[in-house]
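S.K.: If you're matching positions, the sequence shown starts at 0 in numbering that gives the first Met the number 0 and goes up one per residue.
In case anyone wonders, no lab produced these hints; they're calculated from the structure. Note that this is a predicted model, so its numbers are computed, not measured. Note that beta-carbon positions come from the ideal geometry of N, C-alpha and C, so glycine has one too. A few of these clues could be false.
Only pairs whose alpha carbons sit at most 20 Å apart, straight line, appear in this in silico SDA-like list of lysine to any residue [stated by the list, open to error]: (1) Lys92 / Val124; (2) Lys92 / Lys44; (3) Lys44 / Lys180; (4) Lys180 / Gln191; (5) Lys8 / Glu246; (6) Lys44 / Leu288; (7) Lys132 / Gln191; (8) Lys8 / Glu280.
Beta-carbon label-pair distances, calculated as ranges [unchecked claim]: (9) Glu204 / Thr241: 33 to 39 Å; (10) Leu84 / Glu246: 39 to 45 Å; (11) Pro167 / Thr215: 51 to 57 Å; (12) Glu204 / Leu84: 31 to 37 Å.
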Amino acid sequence: MNLGEAKKKALSLMAEYSVDGVQIPDGENADYLNRMNRFADISQKEIAQVKKIHAVYHIAHNTIKPLQGLLQGFDLKQYTPGSDLIDVYPGVKAYYFEVDNLADIYIEENIGGTWTPLVTINNTVKGIFTAYKGLVNASNPSNQVRLRFSGDYVYNIRNKALYGYTFPTAEDVPIYRPYVKYEMPSDFMELQKVVQESDPRVYKEMIAYFWEGKRTFVLNYYETGSFEIHYYRYPSDITLATPDTYEFEVDIEAQELIPFFMASKAIFDENQTFSIQLLNEYQTKLSRLYTQDDFGITTITQNYSM
0 MNLGEAKKKA LSLMAEYSVD GVQIPDGENA DYLNRMNRFA DISQKEIAQV
50 KKIHAVYHIA HNTIKPLQGL LQGFDLKQYT PGSDLIDVYP GVKAYYFEVD
100 NLADIYIEEN IGGTWTPLVT INNTVKGIFT AYKGLVNASN PSNQVRLRFS
150 GDYVYNIRNK ALYGYTFPTA EDVPIYRPYV KYEMPSDFME LQKVVQESDP
200 RVYKEMIAYF WEGKRTFVLN YYETGSFEIH YYRYPSDITL ATPDTYEFEV
250 DIEAQELIPF FMASKAIFDE NQTFSIQLLN EYQTKLSRLY TQDDFGITTI
300 TQNYSM
């Protein structure tokens with residue numbers, strides 16, 4: 000059912016759709032119709048809390064090995080003035096690291112025996128870890144490139160990685176942390192389950208994972224595979240600009256409740272008794288919706304006998 004059809008049903012419930020078999024022009028019902036978008040929005044969002052809307056968010060997570068090797072660079076190291084901390088590798092094309100205080104960081108290329116600056120970073124944020132990542136454009140891909148931590152003050156370094164691969168943009172350089180955070184879509188309402196496909200033979204509900212706050216999925220850096228985040232979502236906003244062709248997003252049986260709510264609210268100022276009757280009918284229908292969630296992963300076993 001679309002929004003325009005719901006408005007017609009609401010007017011019918013209000014006995015405002017026709018007179019003596021002749022449809023009442025929309026202009027005469029303008030005061031009702033102008034408010035119905037808001038009422039439809041309220042109703043659909045309430046229904047979505049009861050008869051939930053299923054959605055799936057896909058994450059492809061496959062770690063990229065840094066030049067220093069797996070499991071290296073996560074540990075916390077402290078820089079002290081006078082003793083620069085240096086990592087050197089040939090063919091460095093991207094970097095990631097985090098520092099927590101005033102710090103001077105240099106990425107330099109060895110050109111003919113001379114260390115030539117490519118990137119200079121001056122961190123000015125104190126008290127919290129700030130992440131930096133980017134691309135390295137060396138003049139010769141086989142030259143040695145070093146990441147050098149320097150400065151006048153003590154600070155800490157963690158989650159440090161140098162990559163031998165380039166990426167389309169600096170934003171595409173992977174976050175290098177023991178646990179990677181994925182923000183859920185803006186319509187995320189509630190988590191249902193997480194399904195993991197680690198290779199073509201494995202499709203299973205995932206048990207071991209972390210959830211931070213309301214909308215952040217936290218995954219171990221070395222947990223590889225494709226992940227399906229099954230969740231319940233909010234419906235889209237219905238505004239004054241929403242066209243009558245908009246299709247409701249809750250299930251079909253739940254859509255039939257919406258005109259009752261629209262009619263109840265639209266006629267409240269004129270006939271409160273009738274409005275309350277319509278609202279009671281809406282609430283009764285809402286309480287009778289089938290809400291049990293039977294969706295899940297089922298294993299089917301076939302036995303053959305000779």
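S.K.: Work down the list of hints and note, for each, if the structure agrees.
M.R.: A quick look at each hint next to the structure:
With a CA separation close to 26 Å, the supplied pair Lys92 and Val124 exceeds the 20 Å bound. The straight-line distance between the Cα atoms of Lys92 and Lys44 is roughly 48 Å, outside the 20 Å bound, and the hint therefore fails. Annotation: proposed proximity of Lys44 to Lys180 is violated, straight-line Cα distance about 28 Å (limit 20 Å). The suggested pairing of Lys180 with Gln191 holds, with an alpha-carbon distance near 18 Å, which does not exceed 20 Å.
Distance check on the hinted pair: Lys8 and Glu246 sit about 15 Å apart at the alpha-carbon level, within 20 Å; holds. In summary, the hint linking Lys44 to Leu288 is supported, as the alpha carbons are separated by about 15 Å, within the 20 Å threshold. Under the criterion of a C-alpha separation no larger than 20 Å, the hint pairing Lys132 with Gln191 is inconsistent with the structure, at around 33 Å. About 14 Å separates the Cα atoms of Lys8 and Glu280, which keeps this hinted pair within 20 Å; it holds.
The hinted window of 33 to 39 Å between Glu204 and Thr241 holds, with their beta carbons roughly 37 Å apart. Between Leu84 and Glu246 the beta carbon distance is about 58 Å. The supplied range of 39 to 45 Å is therefore violated. One distance hint, 51 to 57 Å for the beta-carbon pair Pro167 and Thr215, is violated here, with the actual separation near 25 Å. Taking 31 to 37 Å as the suggested C-beta distance range, the pair Glu204 and Leu84 does not conform, at roughly 43 Å.
Checked against the numbered hints above, the structure breaks hints 1, 2, 3, 7, 10, 11, 12 and satisfies the rest.
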